[in-house]
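> The residues making up each chain are set out below.
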Amino acid sequence: MSRTWADVAYLVAAICFILALKGLSSPKTARNGNLIGAAGAVLAVIVSLTYGDLDHIPLILAAIVVGSVVAVPAARRVPMTAMPQLVALFNGVGGGAAALVAMLELPNATGGFARVAALFTIIVGGVSFAGSAVTFAKLQELMTTRPVTFPGGPFVFSGVLAAALLLSGVVWNADGTTASAGAIGVLVLALLAGVLFVLPVGGADVPVVISLLNAFTGLSVAASGYLLGNTLLLVAGTLVGASGTILTRMMAAAMGRPLTGTLFGAFTATAGPAAAAGPARPVRSAGPEDVAVLLGYARRVVVVPGYGLAVAQAQHALRELVELLESRGVEVVYGIHPVAGRMPGHMNVLLAEANVPYEALREAEEVNPTLAQTDVALVVGANDVVNPAARTDPTAPIYGMPILDVDQAKATVFLKRSMRPGFAGIDNELLYAPGTTLLFGDAKDSLTKLVAAVKNL
Amino acid sequence: MSESIALLTIFVLSVFIGFEVVSKVSTTLHTPLMSGANAIHGVILVGAVIVTGQADSGLGITVGLVAVVLSTINVVGGFVVTDRMLEMFKGRRPAPSERAK
Numbered sequence: 001m002s003r004t005w006a007d008v009a010y011l012v013a014a015i016c017f018i019l020a021l022k023g024l025s026s027p028k029t030a031r032n033g034n035l036i037g038a039a040g041a042v043l044a045v046i047v048s049l050t051y052g053d054l055d056h057i058p059l060i061l062a063a064i065v066v067g068s069v070v071a072v073p074a075a076r077r078v079p080m081t082a083m084p085q086l087v088a089l090f091n092g093v094g095g096g097a098a099a100l101v102a103m104l105e106l107p108n109a110t111g112g113f114a115r116v117a118a119l120f121t122i123i124v125g126g127v128s129f130a131g132s133a134v135t136f137a138k139l140q141e142l143m144t145t146r147p148v149t150f151p152g153g154p155f156v157f158s159g160v161l162a163a164a165l166l167l168s169g170v171v172w173n174a175d176g177t178t179a180s181a182g183a184i185g186v187l188v189l190a191l192l193a194g195v196l197f198v199l200p201v202g203g204a205d206v207p208v209v210i211s212l213l214n215a216f217t218g219l220s221v222a223a224s225g226y227l228l229g230n231t232l233l234l235v236a237g238t239l240v241g242a243s244g245t246i247l248t249r250m251m252a253a254a255m256g257r258p259l260t261g262t263l264f265g266a267f268t269a270t271a272g273p274a275a276a277a278g279p280a281r282p283v284r285s286a287g288p289e290d291v292a293v294l295l296g297y298a299r300r301v302v303v304v305p306g307y308g309l310a311v312a313q314a315q316h317a318l319r320e321l322v323e324l325l326e327s328r329g330v331e332v333v334y335g336i337h338p339v340a341g342r343m344p345g346h347m348n349v350l351l352a353e354a355n356v357p358y359e360a361l362r363e364a365e366e367v368n369p370t371l372a373q374t375d376v377a378l379v380v381g382a383n384d385v386v387n388p389a390a391r392t393d394p395t396a397p398i399y400g401m402p403i404l405d406v407d408q409a410k411a412t413v414f415l416k417r418s419m420r421p422g423f424a425g426i427d428n429e430l431l432y433a434p435g436t437t438l439l440f441g442d443a444k445d446s447l448t449k450l451v452a453a454v455k456n457l
Numbered sequence: 001m002s003e004s005i006a007l008l009t010i011f012v013l014s015v016f017i018g019f020e021v022v023s024k025v026s027t028t029l030h031t032p033l034m035s036g037a038n039a040i041h042g043v044i045l046v047g048a049v050i051v052t053g054q055a056d057s058g059l060g061i062t063v064g065l066v067a068v069v070l071s072t073i074n075v076v077g078g079f080v081v082t083d084r085m086l087e088m089f090k091g092r093r094p095a096p097s098e099r100a101k
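Line order of the protein sequences matches chains A and B.
At position 279 of the first sequence the residue is numbered 279 (the working numbering), and the sequence of numbers has no breaks.
At position 78 of the second sequence the residue is numbered 78 (the working numbering), and the sequence of numbers has no breaks.
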């Protein structure tokens with residue numbers, strides 16, 4: 001294959017990627033968009049294997065087979081609730097691969113810009129790899145989902161990053177084995193920086209970080225494209241870097257806080273009004289039977305699913321309850337907060353998997369005006385997204401975040417595991433309101449009991 | 001130097017395209033979009049194939065092959081899992097009010 005034809009094929013692949021992203025932005029075209037992107041990737045890999053005098057082709061093909069054998073079952077079998085950590089994992093290995101590619105190419109990189117691109121790829125790819133690994137551990141609950149901070153944390157992080165940049169300067173000037181050895185040092189520092197970068201991020205903010213690391217990997221792939229003089233890698237990486245940045249900002253906006261707050265919120269310690277310490281205040285809790293009566297004889301119910309539902313994997317039990325209520329003539333809709341679940345839009349995926357009809361899912365701004373005519377708002381495993389402090393208390397960390405106004409409903413039922421505040425770490429006044437009933441327990445357990453209780457009505 | 005400028009031009013134009021294509025996505029699709037974008041940067045596999053094919057030391061080949069395995073996981077897993085997610089959206093309400101964010 002001639003160089004020209006290879007470049008044309010890469011151009012076609014690049015167009016496929018643009019169409020893929022465009023397609024993924026709209027529900028009608030999303031699936032086709034994804035397939036177009038996959039076709040572009042297949043084309044690009046075939047070209048890379050056939051163009052240029054490459055050695056070790058059998059070994060490379062074997063490695064591709066190994067990678068596919070690992071990836072396909074993982075992607076096919078993982079439960080939908082575990083989707084965010086799988087995306088984090090795939091993102092991390094991509095960043096790691098980019099860093100390794102740059103390590104190998106660095107000694108061949110002549111010229112200042114190419115060296116800068118190589119070092120940039122190593123640092124950003126390394127941060128993305130290690131950061132994604134920590135993200136994975138947090139989401140998989142291999143480690144605490146609370147922010148991990150230690151005194152001087154921000155300084156250690158800045159120090160490691162500065163050391164990585166300093167060493168990069170040395171490597172930039174060095175040649176031969178010195179450069180290679182130095183590059184290993186840069187990679188190690190980048191990995192450390194990646195870990196320190198994600199540790200202080202709290203569980204609820206992790207999705208934003210996945211998106212940001214996704215953009216990072218994109219940028220490192222773009223830089224490696226510059227390094228290798230490969231326009232396809234440059235275009236594909238830049239597309240992901242740019243769109244990932246936009247996506248990250250939209251997600252942060254949906255959570256009502258600036259991106260810096262998400263990343264460094266824990267760095268600057270929680271100065272906000274912490275959950276008012278003091279004697280426990282009275283709440284009204286009830287058994288499943290009482291709640292079943294409330295729900296079974298309501299005319300209109302709005303279900304607000306949240307993070308806790310995803311954790312308890314209770315989406316199927318929830319659908320069962322809703323169908324049962326509907327068969328009794330209760331009008332039920334789901335009010336979905338943009339950041340409900342573990343990733344923006346995750347709740348929609350989870351409920352779609354449980355065969356909840358799409359028509360029943362409503363966005364917050366659609367549901368809010370109807371809540372005043374709603375008999376019961378059933379909040380399952382959500383807290384911060386229904387906390388009226390976001391509307392009323394300018395000192396609350398979540399002030400300004402769009403919420404579901406369930407306090408407008410005639411009655412509110414919370415299915416909660418405990419009185420522990422949400423990730424924002426602030427008390428929810430609504431829990432103590434007279435119209436509020438709490439049903440404690442694991443969401444799946446509670447929902448199963450509610451189904452049984454409603455059947456007995 | 002002119003090649004550098006050509007690459008820089010491509011970079012800048014790609015930034016604008018990247019901003020443009022996702023600027024009107026509904027929140028419903030954030031997760032699949034992120035996952036799809038994730039799969040696209042897996043095309044670093046192309047870079048891994050090229051550097052491995054040009055490697056001449058045992059260590060170089062080994063590191064290259066590791067990069068090939070990792071990037072294959074990224075690209076193959078990414079597209080498969082995105083497709084699986086999107087499959088569940090099929091045949092439901094045609095378009096959930098594509099609201100500009």
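Be aware that one or more of the hints could be misleading.
Listed next, the stretches of chain B that the computed footprint assigns to chain A, with coverage defined by at least 3 CB atoms under 8 Å from CB atoms of chain A [claimed, not checked]:
id : segment
1  : 3–16
2  : 22–29
3  : 39–53
4  : 57–64
5  : 69–81
Since the hints were made in silico from the structure, they are not lab data.
Keep in mind that this is a model prediction, so the values were computed, not measured.
Virtual Cβ for every residue (Gly too), placed ideally from N, Cα, C.
> Hints first: check each against the structure and report whether it holds.
Against the structure, the hints:
1. Look at the segment 3–16 of chain B against chain A: 8 of its residues bring a Cβ nearer than 8 Å to a Cβ of that chain, three or more, so the hint holds.
2. Here the segment 22–29 of chain B counts 8 residues with a CB under 8 Å from a CB of chain A, which clears the bar of 3, and the coverage holds.
3. With 15 residues having a beta carbon nearer than 8 Å to a beta carbon of chain A, the segment 39–53 of chain B meets the requirement of three or more and the stated coverage holds.
4. Residue count for the segment 57–64 of chain B with a Cβ under 8 Å from a Cβ of chain A: 4. That meets the three needed, and the coverage hint holds.
5. Evaluation of the coverage hint for the segment 69–81 of chain B: fulfilled, as 13 residues show C-beta separations to chain A shorter than 8 Å, against a requirement of three.
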